[in-house]
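Visitor: Top line first, the protein sequences correspond to chains A and B. Just so you know, the first sequence maps onto residues 1 to 290 in the working numbering. Just so you know, the second sequence maps onto residues 1 to 357 in the working numbering.
Take the hints with a grain of salt, since some may be wrong.
[What the hints assert, rightly or not] To give a feel for the contact side, a few chain B residues facing chain A, derived at Cβ under 8 Å:
#, residue
1, 122
2, 140
3, 240
4, 242
5, 250
6, 294
7, 298
8, 299
9, 302
10, 312
[Said to hold, decoys possible] In silico contact screen, one side only, chain B against chain A (beta carbon under 7 Å); selected entries:
#, residue
11, 123
12, 130
13, 134
14, 261
15, 307
16, 309
17, 351
Keep in mind that the hints were calculated from the coordinates and are not lab data. All of these numbers come straight from a predicted model, not from anything done at the bench. Where is the CB? At the ideal position from N, CA and C, for every residue including glycine.
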Amino acid sequence: MFQAFVIQALVTGGVYALLAVGFSLIFGVARMVNLAHTSFLMLAAYGMFYTTYRLGLDVFTAILISLVATVIIGLVSYKLFIDRIREHEVTVMLITLALASIFQESMILAFGAHFREAPTLIPGYVEIIGVKVSYQHLLTIAVVAVVLLGIWLLLSKTKLGIAIRATAQDTEVANLMGINVSGILLVAMGIAAALAAIAGIVVAPLWVVFPYMWMSPLVMIMAIVVLGGLGSIKGSLIGAFIIGLVEVAVVFYLPGGAFLRGAIALLVMVIILVFRPEGLYGIVFEEERL
Amino acid sequence: MLRRLFKDFQGDVLAIPGRLIAFIFLIALFFIPLITQESYILFIFILVNIFVIFAVSWDFISGYTGQVNFGHAFFFGVAAYTAALLSKYLGLQPWATIPIGAVAATLAGVLMCLPALRLRGPYLSLVTLAMPLILLGVIKAFPDVTGGEHGISGLPPLSDSRMADYYIALLIMIGSVLIMWKLTDAKSGLVRTGIILHAIREDEIAARATGINTIRYKLLAFIIGGFFAGLAGALYAHFLRIAGPSSLDLMLSFQAIIWTVFGGIVSIYGAVVGVYLLYPLMELLRQFNIPVWPGSEIMFSDLRFLIFSAMVIAILLFMPEGIAVWIRDKMERECPRCKLSNASWRRTCRACGASLY
Numbered sequence: 001m002f003q004a005f006v007i008q009a010l011v012t013g014g015v016y017a018l019l020a021v022g023f024s025l026i027f028g029v030a031r032m033v034n035l036a037h038t039s040f041l042m043l044a045a046y047g048m049f050y051t052t053y054r055l056g057l058d059v060f061t062a063i064l065i066s067l068v069a070t071v072i073i074g075l076v077s078y079k080l081f082i083d084r085i086r087e088h089e090v091t092v093m094l095i096t097l098a099l100a101s102i103f104q105e106s107m108i109l110a111f112g113a114h115f116r117e118a119p120t121l122i123p124g125y126v127e128i129i130g131v132k133v134s135y136q137h138l139l140t141i142a143v144v145a146v147v148l149l150g151i152w153l154l155l156s157k158t159k160l161g162i163a164i165r166a167t168a169q170d171t172e173v174a175n176l177m178g179i180n181v182s183g184i185l186l187v188a189m190g191i192a193a194a195l196a197a198i199a200g201i202v203v204a205p206l207w208v209v210f211p212y213m214w215m216s217p218l219v220m221i222m223a224i225v226v227l228g229g230l231g232s233i234k235g236s237l238i239g240a241f242i243i244g245l246v247e248v249a250v251v252f253y254l255p256g257g258a259f260l261r262g263a264i265a266l267l268v269m270v271i272i273l274v275f276r277p278e279g280l281y282g283i284v285f286e287e288e289r290l
Numbered sequence: 001m002l003r004r005l006f007k008d009f010q011g012d013v014l015a016i017p018g019r020l021i022a023f024i025f026l027i028a029l030f031f032i033p034l035i036t037q038e039s040y041i042l043f044i045f046i047l048v049n050i051f052v053i054f055a056v057s058w059d060f061i062s063g064y065t066g067q068v069n070f071g072h073a074f075f076f077g078v079a080a081y082t083a084a085l086l087s088k089y090l091g092l093q094p095w096a097t098i099p100i101g102a103v104a105a106t107l108a109g110v111l112m113c114l115p116a117l118r119l120r121g122p123y124l125s126l127v128t129l130a131m132p133l134i135l136l137g138v139i140k141a142f143p144d145v146t147g148g149e150h151g152i153s154g155l156p157p158l159s160d161s162r163m164a165d166y167y168i169a170l171l172i173m174i175g176s177v178l179i180m181w182k183l184t185d186a187k188s189g190l191v192r193t194g195i196i197l198h199a200i201r202e203d204e205i206a207a208r209a210t211g212i213n214t215i216r217y218k219l220l221a222f223i224i225g226g227f228f229a230g231l232a233g234a235l236y237a238h239f240l241r242i243a244g245p246s247s248l249d250l251m252l253s254f255q256a257i258i259w260t261v262f263g264g265i266v267s268i269y270g271a272v273v274g275v276y277l278l279y280p281l282m283e284l285l286r287q288f289n290i291p292v293w294p295g296s297e298i299m300f301s302d303l304r305f306l307i308f309s310a311m312v313i314a315i316l317l318f319m320p321e322g323i324a325v326w327i328r329d330k331m332e333r334e335c336p337r338c339k340l341s342n343a344s345w346r347r348t349c350r351a352c353g354a355s356l357y
């Protein structure tokens, strides 16, 4: 029981971490709350379902197609709809919400509002200290660890990563230092969409694939990034595992927990915010005055 | 007396096209039941009136103080459930449950304020987003009291006939919108709240520096907005005779924002225009059971959310300040000397004669 709990908490926290890091990255760089972020997860999951079950491709081609298609959709929708109104915060939120709704409706039109399943990447399970753990769970944990390590290396060691962090700190000064800001925004959007797509590909076999699957993770990752401090990647990582742990603990150990899991995770967020209004690792932005 | 009233009317309503249209529209609303008695059309218009109160109260809280509230359905749902529980367990009638429900929503507004006063920007939005979802979890965890997924049904109706329902909803809507419009009117000589709320939105620090207790006014905005949103929620529950989890839905909160921003934020009338355009349009699309192309299985009515979203995007991209404000700016022009609104086809100001070009 306890081992199963640990595995489940790691998987949930890990998937939330992938989503929250992308969400936090694009908020930090472009100051944009992207409510369509988790719908990229949904699109990638549908991509896996379509390419393997409908087209009969093998798993690796399917992963490649889903990933690339999702990133392209993300970049195109950013360039077409969001780029020119980036300064209006509320408008950006509404447009991304409308985009998420468009993706959802297109999936309903294309595949119907049924519950689907995606193929497991590696079938079978292994026994660890008396508990059956499927390879898919282990693979998810491994992929999360590798991808997060890669993102950390990218942001801290490479020239591109430094440019991204500089843009996040101060867009205007970064522009003056010769950084191509609009290019960096596009790159950040691409990375964020790719992270969401990877999360979608590994988690699709564990969750059910259906057009409304973007809603509940969206609320959870917003709780996570606020808890960790908006724009702070370290904060989102820690927040993701806190919220994932709380959610899984509520489901495992509380009667009626399946209904209360979101509520209690959000309550934890509200309580932490009341005592630390800028989140755990939040950067206090200078009061932006006109 | 009468002559003065008529003169005011001539100067303040007839001379400004936007107000003239609003006035004609208001009069027309009273005559709808005389033109058609069809139950379905009245049903739609009653819901539109209820949602107008809801959307305008969102504009009051968020538009005017700049604190974007993502959980406006919290007030709606609290009032709906309060009204439903009171009539189910205590057997109270609508005339008692609707005010009590609205007061309960006001208290919910105070509760929401406790974190809201410490937070700003996106943090505030996300905490308000969490509130209805927390309540939703609690409601689903105790299905014996709250009815769980199915909600509480069998509430006493508003009145015996649909026509009476229509006039009740219409009068409450007009009263609420007028009160909120007056409270936010920056040029009003009676109340100062309007200009203070505008000041807080433009620059909170400057407002505080001039001696305004900004916390008190933010609290006031949440209390008044919460009260009217609760009024809408309780009316909705009694009209449909059911209070269910859908009254706390995430989409309901976002609907309020979409209606308001579509019509024009920070303008009160923008929210009214948004609901009156978008809600009937969605209903119309739902009735549109024609295939997209001959012989296809996809109907236009299946595409309605797609069309709705695409339209919202188009409006936001091309008229970022909202459709009502955009149209008003086309019809009216402010006099550069005396700041009086004029019809845009006038060459000189109607009061001071200054050239408008």
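Visitor: All the hints need checking, so say for each whether the structure fits it.
Guide: Results of checking the hints against the structure:
The closest approach between the C-beta of residue 122/B and any C-beta of chain A is roughly 6 Å, which is under the 8 Å cut-off, so the hint is satisfied. Annotation: residue 140/B was flagged as interfacial toward chain A, and the flag holds, the nearest CB pair being 4 Å apart, inside 8 Å. Interface restraint check: residue 240/B against chain A, minimum CB-CB distance 23 Å, threshold 8 Å, status violated. Against a cut-off of 8 Å between C-beta atoms, the interface hint on residue 242/B is violated, since the closest Cβ of chain A lies about 20 Å away.
Contact between residue 250/B and chain A, as hinted, is supported at the beta carbon level, the nearest pair being about 7 Å apart and thus within 8 Å. Evaluation of the residue 294/B hint against chain A yields a violated restraint, the C-beta minimum of about 18 Å exceeding 8 Å. Hint on residue 298/B holds. Least Cβ distance to chain A is approximately 6 Å, under the 8 Å limit. The restraint placing residue 299/B at the interface with chain A is violated, with a minimum CB-CB distance near 11 Å, outside the 8 Å limit.
For the restraint placing residue 302/B at the interface with chain A, the shortest Cβ-Cβ distance is roughly 7 Å, inside the 8 Å limit, so the hint holds. For residue 312/B, the interface hint holds, the least distance from its beta-carbon to any beta-carbon of chain A being 5 Å, beneath 8 Å. Given the 7 Å rule on beta carbons, the hint for residue 123/B holds: about 6 Å separates it from the nearest Cβ of chain A. A least Cβ separation of about 4 Å between residue 130/B and chain A falls short of the 7 Å threshold, and the interface hint therefore holds.
A cut of 7 Å between beta carbons decides the hint on residue 134/B: the least distance to chain A is about 4 Å, and the hint holds. Contact between residue 261/B and chain A, as hinted, is supported at the beta carbon level, the nearest pair being about 6 Å apart and thus within 7 Å. Contact between residue 307/B and chain A, as hinted, is not supported at the beta carbon level, the nearest pair being about 9 Å apart and thus beyond 7 Å. The beta carbon of residue 309/B is positioned within 7 Å of a beta carbon in chain A (closest approach about 4 Å), and the interface hint is therefore held.
Interface restraint check for residue 351/B: the shortest CB-CB distance to chain A comes to about 32 Å, outside 7 Å, so the restraint is violated.
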